[in-house]
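Residue-level listing of the chains:
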Amino acid sequence: MKLRSFIGFVSPSVALMLALLALPLAMTVWLSTRNCALELELVTVQQTGPFGAHAVTTQRARVDAAGKAVQRCTSVGAAYYRDVLGLQPAGASGASGASGTPTAAANDDNEFFAALRFTLLYIAGTTPFVLVGGLALALAMNRVTQRLKGLFIAASLLPFIITPVVGALAIKWLFRDNGLVPHLLGHFGIQVFWMAQAWSAQLLVVLYGIWHVLPFAFIVFYAGLQGVPQDALEAATLDGASAWQKLRYVTLPHLAPLVVFVTLIHLMDAYRVFEPVVVLTQGAFTTSVQYLTYHVLLQEDNPYKASAAAVLTIAGIAVLLIPLLRKTWREQR
Amino acid sequence: MKNKLVGATLLYTGLALWLLLATLPVVWTVVISLRSYGDAFAAPLKWLAPLTLDNYRGLWIEREFYRNAANTAVVTLATVTISLSVGCLAGYALARYRGSLGFWLLITALVFRALPHSTLLPSFYAMFDALGIRNTTFTLVFVLVAINQPFTIWMLRSFFAGTPQELDEAAMVDGCTRLQAFRRVIIPVMWPGVVTTGLFSFLLAYNDFMLSSALTNAESDALLMQGVAGAVSITIPLIVLVAIFQKQLVSGLTQGAVKG
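Top to bottom, those sequences are chains A and B.
Per our numbering, the first sequence starts with residue 1, numbered consecutively.
Per our numbering, the second sequence starts with residue 334, numbered consecutively.
Calculated directly from the structure, the hints in this document are not laboratory data.
All C-beta atoms in this analysis are idealised placements derived from N, C-alpha and C, irrespective of residue type, glycine included.
Among the clues, some could well be false.
As the list claims (entries may be wrong) - Ranges between beta-carbon positions, derived for each pair:
id, chain 1, residue 1, chain 2, residue 2, range
1, B, A375, A, A78, 54 to 64 Å
2, B, A376, A, W30, 50 to 60 Å
3, A, T145, B, G391, 40 to 50 Å
4, A, V144, B, A375, 31 to 41 Å
5, A, A78, B, A349, 30 to 40 Å
6, B, K580, A, A69, 50 to 60 Å
7, B, K335, A, L233, 17 to 27 Å
8, A, T237, B, T414, 48 to 58 Å
9, A, V63, B, P525, 56 to 66 Å
10, A, A198, B, A375, 24 to 34 Å
11, A, V63, B, I466, 19 to 29 Å
Next up, chain A with everything else stripped away, as it sits in the complex:
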């Protein structure tokens, strides 16, 4: 295909990605160094009360000819980065105004690092179980009689295709006080208020993550198993290899590229864990990095600080993925 027609064919897709992915990304970087605030002016108004009239000096937002409030935007450099990272020195100048001054956050436990810590914990807590569980399920499913396979596979996929918010809600209702799981655990004398403390809420998010992603690993490994060379397995059997040896020396090496693939995809998806954090903890005990940006933007209503958090989030995923992307790059070349 000629370069000219190539460009013609890809241009709608590229235009969309430029306008709605690349441009906003660049803009986020720019916004993270800015701050806008309403411009205020002093006015003297005549107040008439039951005890006579008197003049009062007060502030109000300056409005332009069109009746819109005037915003004053300034460059604040890295002030919001320092704020998000908790490095804000006292009395920093620059940003000011009504819509959220970057104040010296006196938090000992900085919000960004807390979010990053949980995000990494979530990745570390889900990945091994997803890989091992997915593999075990694939090996088991491979031995199920043909008649039951379709039904079993369909049922196994349910946690993966369900809307994440709904899946997290279903888990929440299961673990709620007076819910099914606390009731069953009660028979063994175990009483946990799952959503009332940090460790159990975090455990629930991790459990949700495993439940949600394991079917994906399973189905990829299951497809891989169909391609394991049968003659190699037969030769190994003739040579007296045990079932474990066949798994270890024939099947697993064949699946190795798929393990890398599943890990790569899961890493990307786990890094942006969001829905279970919203649903299961409402950000009370856990925040993920993606939740942090969302929270700063919508609850604190500060798009500039949210942008700084977003840029730091991207820096984090870049650090995680660069080794893996390098590998993909070399292979594609």
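For this one, chain A is given, so just place chain B on it according to the hints.
Relative to the frame of chain A, chain B by itself:
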């Protein structure tokens, strides 16, 4: 012989346990959605309770959930259609073009695939507020399409790479332009791949909570029991989908893995 029996018992017990874990949250949600609040979260737990459709009636009729449902249908349908039209063109070109530009485009798409969506939100707010188009279906559809493009073009490229190049060459020898060859010859044999990719575009659009909730000011959560009924209502189309398209779903999930 005995060993085999033990093995089979172990196998099916383990699988049954997994299937229970996989489906229990959904099954239990369905059960409590058919109960009154008092029965759903009674202490001690009730295994059996009178069934009622009140939650569903409250949700679909009183709270007019059909409006949300219709809106969701419009958004997902439009997203899938536009994603596929734009994505097929790009995926086809990426499968046929041999220059390095295609390679770079794919790498860039992979980087965008890794991008957490929340990082785009501050700019989306700034952009769409300035243009006055934030709370519109139109905006949401195009954002979802763009977000899904990286994944869509990767997947479609690998499907197109599987169709023989001789097909379009033959068509072009017969006097088709490149675009005609694509439309009249390649797309008709590509249907399975298009359906599979469409399925995944559907799931991505249907399931994306953050963008939908942030870009449209949906009202806050319904009353709890209506929320449970809503959860079930949202899940039913997905279950129907898996039942119908299981083969495509499995082939789609493994496509990228097997072909790289």
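A quick look at each hint next to the structure:
no., hint, verdict
1, A375(B) x A78(A): 54 to 64 Å, "55 Å, holds"
2, A376(B) x W30(A): 50 to 60 Å, "54 Å, holds"
3, T145(A) x G391(B): 40 to 50 Å, "44 Å, holds"
4, V144(A) x A375(B): 31 to 41 Å, "38 Å, holds"
5, A78(A) x A349(B): 30 to 40 Å, "56 Å, violated"
6, K580(B) x A69(A): 50 to 60 Å, "57 Å, holds"
7, K335(B) x L233(A): 17 to 27 Å, "24 Å, holds"
8, T237(A) x T414(B): 48 to 58 Å, "51 Å, holds"
9, V63(A) x P525(B): 56 to 66 Å, "60 Å, holds"
10, A198(A) x A375(B): 24 to 34 Å, "28 Å, holds"
11, V63(A) x I466(B): 19 to 29 Å, "24 Å, holds"
Hint compliance for this structure: hint 5 is the single one not met.
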